[in-house]
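Model the placement of chains B and C on the given structure of chain A, informed by the hints.
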Amino acid sequence: METIISIKPLLAVLVSLFVIPVLVSSSGKPNVRESWIFVAGIIKLILVLSMLPVILEGKQIALTLFEIAPGATIAFRVDGLGMLFAIVASSLYIVTSIYSIGYMRGLNEHGQTRFVCFFALAISATIGAAFSANLLTLYLFYEILSLATYPLVTHHQDATSRISGRRYLTFILGTSIALVLPAMIYCYHVTGTLEFSTAGIFTDQLSKPAATVLLLMFVFGFAKAGIMPFHTWLPAAMVAPTPVSALLHAVAVVKVGVFSIVRVVTGIFGVDLLADFNLGIVVMSIASFTILVSSCIALSQDELKRRLAYSTISQLSYIIFGVALLSPQGLLGGVIHIAMHAFGKITLFFCAGAIFVATGKKYISQMSGLGKKMPFTFAAFFIGALGVIGLPPTGGFYSKWNLILGTLEADQAIFMFVLLLSSFLNAFYFLPIVYKGFFGKSEEEDNNIPVKIQEANLCLVIPLIITAIISIVLFFYPTVFVNLIKIGLAL
Amino acid sequence: MEDLLALIVAKYNYWLYVILMMIGLYAMIAKNNLIKKLVGMNIFQTAIILFYISIGYKQDATIPIIQNAHGGQDAHNAVIHAADYINPLPHVLMLTAIVVSVATFGVAMALAVRIYQRYQTLEEDELRMRLSEE
Amino acid sequence: MDNYPALIVVTPLLAALLAGLAAWIEERLSYPIALIGLAISMFSAFKVLMQVISSGTIHYRMAGWAPPMGIEYSIDLLNAMVLMIVVSIAFFNLIASYKSVDQEINDRAGSFYTIYLLFVTGLLGVTATGDLFNLYVLIEITSLTSYAMVALGDKDRGPLASLNYVFIGVIGASFYLLGVGYLYMQTGSLNMADVANILPGLHGSSTILTAFILCMIGIWIKMALFPMHVWLPNAYSYSPVAFARIVAPLMTKVMVYVMIRLMITVFGYDYIFETLNIADAVVWLATLAVLAGAVMALAQKNLKKMLTYIIVCEIGYMVGGAWIGNQLGMTGAILHILNDALMTFALFLAVGNMVYKLKTVDLIDLKGLFGKMPWTMAGFVLTAFSIIGVPPTCGFFSKWYLILGAFEAGAYHFAAALVISSLICAVLFFKVFEICFFEPMSDGHGHADLTPPVKIEEAPLSMLIVSGLVSLSLIVAGLYSGTIVNTVILPFLKLQ
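Read top to bottom, the protein sequences are chains A, B and C.
Under our numbering, the first residue of the first sequence carries the number 1, and numbering increases by one thereafter.
Under our numbering, the first residue of the second sequence carries the number 1, and numbering increases by one thereafter.
Under our numbering, the first residue of the third sequence carries the number 1, and numbering increases by one thereafter.
The reader is advised that the hints may include incorrect statements.
[Unchecked claim] Below 27 Å or equal to it, Euclidean Cα-Cα: the simulated DSS-like pairs (lysine-lysine) are:
id	chain 1	residue 1	chain 2	residue 2
1	C	Lys357	C	Lys372
2	C	Lys155	B	Lys36
3	C	Lys155	B	Lys31
4	C	Lys99	C	Lys372
5	A	Lys29	C	Lys372
6	C	Lys431	C	Lys359
Think of the hints as simulated: they come from the structure by calculation, not from any bench.
This one's a predicted model, so the numbers in the text were calculated from it and none came from an experiment.
Extracted from the complex, chain A is given alone in its bound form (with noise of 0.2 Å):
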C-alpha cells in the first residue's frame, strides 16, 4: 500500500485548536464569535474531503510527528476506517455547530465562549483519535477528548452536573487509567511496537488466557462504547446542553469509543488471531447482553434524552456485535453503522432539543399531541427513528442487512436472533413517541384553543431536517462508505 507523507491530518486536527485564542478574543461579539466556528468548521470539512480521493485509491496518508521511544510514536495515518469516522465528524461539527447557536442563544446560556472553546478542542480530539496511525497516539487524543468534554458535560454548573460529572470521570478516565494504559504497555512490552497493522501486531506471543485477558480489559477500558457495566455516564451525561449531548454522544465521544475497540480488534490483535482464539464469540456475548438490557431499560425511561441515551448504549453493542462477528459482511455492517447512527441519532437528539427549547418539555408524557404544533420536528424525529430501528427508506437499514448477514456468514445464526429482538423492542420504545405525537391529543385541544404551527426557531430545525435527509440519502448512496471500509480493512 502506497503511502504518502503529508501534513494535511496535523492540520485538520489543529484547525479547530488554532482557532480557540480567536474564539476566546471575540467573546465580547458573539456573532463574530460564531462566524470564526464556521470558517474553522468549513476549512476542516475541505481538508478532510481533499484526502478522500487518495484514499479511494488505495493509498494512505502518513505523517510522524515524535518518536518516543522505538516503535512508539506520536504518529497520523489516514486510512479508509479513520476516513469515515473523519468524514462523518467533521460534517455533523458544522451541523452542530448552527444548531448550538440556535439552542445556546434559544436558552439564553452563560459561558457560550467557554462552551464553543471546548466544543472545538473535542472535535480536534476526535479527527486525532480518527487519524491515530498507532495505540499510543489513539490514547493520547482518547484522553484528551475525556478531559476536553468534562466542563461541556458540566456546563451548568448546578449539583446534578457536579454528580453526573463525577460518574462521567469515574467511567471514563478510570477505565481508560485502569485498563487500558496497562494492557497498551503489555502489548508494547510483548511486540515492541504499537502501530495498527492489518493482521495484527501479534506473532506468537499470546496464549489464550493472556489473549482473552487483554482483549477484556480493552473492550472494558474503552468505557466510551458504554459496553455495561461501565455504561452509566452516559445517561448521567445528559444533564449536558443537548447540542453537546448531540454532537459527543451521538457522534465523537462514543464513536470514539466504538472506533478504538474497532482498531484493537481489527489492528492490534487481527481478525485472524481472535477467530483462532475464539474470542470472537465472548465479545459477541458481551455485546449482546448490553444490546438486550439497555433497549430494555430504553422503555423505561420516560425522559426522552435518556431514552435516547439508552438507545445509544445499545446501538454502539452493535458495531461492536458486528465487528466480533470477525466475518467480511460483519465487520462491514459493524463499521458502517458507525456512520448510519451517527446520522440517524444525531436527527433524534436535535429534535429532543428542539422540542426543550420551544416548550420546555423533557419528558416524553407531555409530548402527546406535539407533532401537530412542531410537524417539521416530528417528522425527522420519525426518519432518525427509522434509521435507528434499522428500516428503510434509511442508512440504518443498510447496516443492520449486512449485520444479520454477516451473523449468517459467520454461522452465529443464534446471534441473529438478538439483532432482531433488538430491534423489535427499538420500535416498541421509538414509534409510540412518534404516533402520540400526531395523533394524540396536545393540550390545547383538550382546551379547545386552535393548534398552530410553532416549530423551534429555524437554527434549530434546520439541522435535524438536514440530518434527516442525509440518513435518507445513505441509504440509496451509501458506496463512498462501503468503499473506505472496504480497502481499509482489506475485505
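Here is chains B and C on its own, set in the frame of chain A:
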C-alpha cells in the same frame, strides 16, 4: 565468651562511638526540652567526628607534623615513612565537619530563641498543645 | 572556556556574598545581583550540557589538584542534565518570586536572596561534584540554608517546623557521613571514580556493606522516602511560598540524583543487584511509598500539604524505578527527575499565585477560582494532568517507562501501584477542580441573566508568565521525551 570480650576490647573505638551516637539519638528523640534535644544532636555529630579520628590512628605513630621541615634543603632530603605519622586526612575532613556541626548548632539555637520569644516555653509537649489550639 | 563547571557553582556563591553586602547598603539591589548571578550560572550550565553531549564527560579539577587528592568535578550526561534543571528552575523561580517575596518577607528581602543563592550553590555543588566528602559538605550547605528559609515563613509554626526539620536532616546527613567514613576506611579514597575502581575487589566486605546501607539510609532520609518522609509536609508547607517553590522540586530530586550516582557510579550495578539481594525489598518499599503518599495526599484539607504528599508519592516512583534493576526502569527514574522537577515547580507556581491573592489555600478557600484566576487555573489544570499521567504531558511518558520497566522485571506490584496512584491523583485533583469550578453553587441552572459575572483577579504578570511558560514546557518535555531519552539518558546508561 572470651572471643567476644577480645572482640569488644580490640574494637573499643567503634563501641564508644556507637554508644555516644545512641545517647545523642536518644536525647534528640526522647527528651522534651528543645535545648536538651540540641545537646543530643551535638553529641550525635561529635560521635561521628570521634569515629573518623579514630580510624586514622596507627600504632606507635606520632602526630602528622614533619620535624625540621622548614629548613629548606633538609626537608627535601628527609625520607618520610608514612607509618610514623597518623593519617592526617580524617582530621582535615573532621575540621570541616566540626564547622558544619557548629553552624547547624548555631542555626538551631537561633530557632530555639525564636520559639522561646514567641511561646515563652521550650518544652515540646507544651508547644504542641499551644500549636494545636491555634 | 574550560572553567564553566566551576563557574556554575561559584557564581551563585559570589552573588550571594554580593547580595548580602548590597542588602546593607540598598535593599533593592540584592534582587538584580541575584538575577545576574543565576543568569551567568544558567548560561554556563547550558554550555556544559552542550559540551558533554558532544564530547563526553568533563573532568574538572578544582585548583588544578589531581584526584584522588584533589577535588574533582566530574560532569557527565546525568549531572549536566540535572545541573541545567536546577539552575533553570532557580532562575525562573527568582523571576516569579519578586512580588511574593515583597509580600511575605518584605523587611528582610536581602537576606532572602542571599540565602536563596547559597541554597542554589549547595544544590549545584551536590550535583556537580565527584568527591564523596565534598558531597557531604554541599549537602549540609543546602540543608542549613533550607533550615533558615523554612523559619522565614509562617511566623508561628515556621521555627518549630524548621527545628524538627533540623533534627531529622542532621540524622540523615550524619548517616551519610558515617557511610563515607566506612568507605574511606576500606578503600582509602574519597573520589567517586577512584572508589568505583577499587570496589570490585571488595564485594564481600562487610565494611562496604555497612557503608552502602548507611549512605543509602542517609540519602533516603534526605529525599523523604516513606517512612522517613515525616519532615517534608511541615517543612514545605510553612516555608515562604517563594522558597517552597524551589525546594519542593529541587531538593528531593537532587537527593534522588545522589542516590542514582552512588548506585551507578560508585557502587556499581554488579554490587547492588548481584552481590546484595535487597533490590526486591526496596521496590516493595517504593510501592508502599507511592501508595502511602497518594492516600495521604487525598486526606489533606490544605492544598500545600496535599502537594507535599504528592511529592512523597513521586519520590516512590523514582526510587522504585531505579531499584527495579533494568535499563527501562532506570530510564524512567532519570526521566522522572526532569519531569517531576518541572511538574512540582509548575504546581507550586500555581499555588504561589493563589497564595499571593488568597493568602491561604485551605481547600474551602478555593471557591470559584476558575472564574477569578483563569490563567493560573489553566496552568494548574495542565500540571494536574501531568501528575495524573495524561498524554501528551511529560508525566505520562515517565510513567510509561516506569510501568514498562516494571513489566519487564516482573514487578507487577510496582506497576499496579503506579496505576492506582494515578487514579488516586485523578480523584484528588478533580476534587479540587470541582471546588474551583462549581462553587459557589448557582441556582439559576446557568442562565446568563441570573448568575452575576465573576471578576478576574489574577496574580501579577511576572508570576503568570513564568507559571504559563513552565506549564507549557510540560507538554514540550512530554512530546520531546524521545529526544531527551535518546540524547541524554540512554548514552549515559550505556556507558556504565
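Unmet hints by their number, sorted upward, for this structure:
Violated hints: none at all, because every hint is consistent with the structure.
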